[in-house]
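A.B. asks: Take the given structure of chain A and dock chain B to it, following the hints.
As given, the protein sequences belong to chains A and B, one line each in that order.
Heads up: the first sequence is residues 0 to 373, going by numbering that gives the first Met the number 0.
Heads up: the second sequence is residues 0 to 373, going by numbering that gives the first Met the number 0.
Hints were generated in silico from the structure; no laboratory data involved.
Owing to the predicted nature of the structure, the values given are computational and were not obtained by experimental measurement.
Any given hint could be a false lead.
Note that the list lumps identical chains together, so a pair holds whenever it fits in one copy or between two copies.
[What the hints assert, rightly or not] Simulated pairs of lysine-lysine, DSS-like, Cα-Cα distance not exceeding 30 Å: (1) Lys241 <-> Lys67; (2) Lys241 <-> Lys121; (3) Lys106 <-> Lys241; (4) Lys69 <-> Lys241; (5) Lys366 <-> Lys121.
Number of protein chains: 2
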Amino acid sequence: MSKTRWSGRSPWQNRSVTYNFSSGPATLPDAVIAAIRNDLPSWRGTGQPLMTLSHRGADFIELMAVVKAKLRQALAIPDSHDILILQGGGMGQFAAVPLNLTHPGDKVSFLLTGNWGVQAAKEAGNYQLCVDRPADQQSGNYTTLPPLENLAIDPASAYLHYVPNETIQGVEFSTPPVTVVPLVADASSQILSRPMDVGAHGVIFAGTQKNLGVAGAVVVIIDRALLGRARLETPSILDYTKMSQADSLLNTPTTFAVYVLDLMLDWVARLGGVEAMAVESRAKADLVYAAIDASDFYRNPVEQSARSTKNIPFTMADPSLDRQFLAEAEAAGLMFLEGHRSVGGMRASLYNAMPQVGVVTLVDFIKDFERRNG
Amino acid sequence: MSKTRWSGRSPWQNRSVTYNFSSGPATLPDAVIAAIRNDLPSWRGTGQPLMTLSHRGADFIELMAVVKAKLRQALAIPDSHDILILQGGGMGQFAAVPLNLTHPGDKVSFLLTGNWGVQAAKEAGNYQLCVDRPADQQSGNYTTLPPLENLAIDPASAYLHYVPNETIQGVEFSTPPVTVVPLVADASSQILSRPMDVGAHGVIFAGTQKNLGVAGAVVVIIDRALLGRARLETPSILDYTKMSQADSLLNTPTTFAVYVLDLMLDWVARLGGVEAMAVESRAKADLVYAAIDASDFYRNPVEQSARSTKNIPFTMADPSLDRQFLAEAEAAGLMFLEGHRSVGGMRASLYNAMPQVGVVTLVDFIKDFERRNG
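Only chain A is shown next, with the shape it has when bound in the complex (with noise of 0.2 Å):
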């Protein structure tokens, strides 16, 4: 219904079929696209689309609870932890967490192993906490993890952050470290894409645009015991305490995104749930780390046991192919495969939502690409 005229340079428009290889917002499954079709312009017999209903009402306080409820299940969530839905994505929580866990002067802990970890122990500086980086990867380029034990934590931290997986440079915790302190995980892309511990942690959170739905909310798990230190200055969509207490109504969610992530939780659920997930997500990694250490054509950067099944970056041997290379997977149909602007290169992001076939057709590509130019 727009009058604007749009430029079209994306050169995979009218395309009938194509793969989102975007690490986030990120693509969605065909049956999660056509059940949002399905539900307009009438939820549930509402008449209404869920996205005009006021979220006092209750149809959205029990799609609310129901959201919970699945997400308890999916991940095995022990009720000693509650189940927040807030706003203002993971950044957002790389404030919300030392406003909620520290005073000024505490010291707080980061395990360092990429881009995000990096920025959440930035932002973590500005409330007058001492950092402490018992790891940072930096010297060996982020291409690699730290020992999970042993780590140098100092017992008096409030906290011990790390990322499960670096979204950009491509590296995957296999089991949380081990430490006294509570552990706080940034676990956006990594959620709902493999069993997770999540009684080892006093708060993990996630932003909903990758494994989750759609952009918009971001799910805080946490301890109950770490509630009720909020300092006073936490913004009150920030404040844990606030938002647990007011079961994450406190203001307006995104009820939308809410809505998707209720679809995202039934379709994983038919599909086997978490297991099922990381037996899937093993499979297509392996697919494009095969093509990838086939040649000497291109490069994946990352020690093999850190490796992401997430997100893939690589490079080639000559970099000045990668316009090339990325302007003609967009004429396959192959989206968003540029590498995060940081890093360069290209990268695959293989979250739940990405088919197999997505995942042939992109190493059918790396191949032919390969045979074309090598």
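C.D. replies: Then chain B, alone, in the frame of chain A:
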């Protein structure tokens, strides 16, 4: 696709036509809902829904720029002012405004004409500020407005905060208060419903879930002269300066809400812009006020000149009939007429997207209910 059995407790379920008087999230124009549906599963020939496209891709970056340009045109925003599209709703801005515009120890001033001003003043009180209240209409139960000139505002105040339209009490300013200090407007329920003197304001913020589309984004219009002052401990997602420098793309925005905002701006422009919306708005409100004022059965307590054209609270002489009124209204497809829990009674919200036929249906119901129960 959900396997959950829905309780179906909403009596309006399975009606073919419903009218949604929710105060937000609020009703959308049929044409916008149709456009959203039509853009699934492929937005503008990309083969992907808008909501799965990367916010770093050329398409979304262009959409963001287009939306800002349309906002600038629709609201006649001068070049002196920047436009940000953030997350966290109006409540996020209750913290963002003091964090961005003040230092500890500063004085800030609030005109209190209803619930949202009171809440914003309370939140500002968490930031080591002297919170002055040059007008507080609580004594009149928030049914009146203060004079707009000669207010006792300390010229040393960092800003004067007011709420052009109070959603819960239903009081609305026709013109902004006159002051020499930067003027901050919480315009969530008024924006785009009438012309506004943007240049007279330092900051205008508005959640998107009323007149601008769906929940999940908040538009902030800010005098560029006020940038560069954020406190160190401002969460990045609420930092006007960082967000301005990043064109609101410091983190992943609620891309779906930005997309629906684009559709809403087109729809309003097609109907004649804010001037036409103001005429429509007045006409719709007059229909409801006339029905209420014509009888002693119903009552709106707000002083004539302060009455809102967007939110009309009303009570019945016999409040024991409230439940029956709401139940029968719902059965007749008139949704979300319950007053805010803090004031009780009923409330009809008539934003831009509420069609005249919805208002007429409501007025007929109001009259009929009186006939049967008066």
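A.B. asks: Taking the hints in turn, state whether each one holds.
C.D. replies: Okay, the hints, checked on the actual structure:
1. Lys241 <-> Lys67: Only inside one copy: Lys241 and Lys67 sit 17 Å apart there, 33 Å across copies, limit 30 Å.
2. Lys241 <-> Lys121: both (26 Å within a copy, 14 Å between copies)
3. Lys106 <-> Lys241: Both, since 24 Å and 26 Å are each at most 30 Å.
4. Lys69 <-> Lys241: within (23 Å within a copy, 36 Å between copies)
5. Lys366 <-> Lys121: The answer is neither: 40 Å in one copy and 61 Å across copies each exceed 30 Å.
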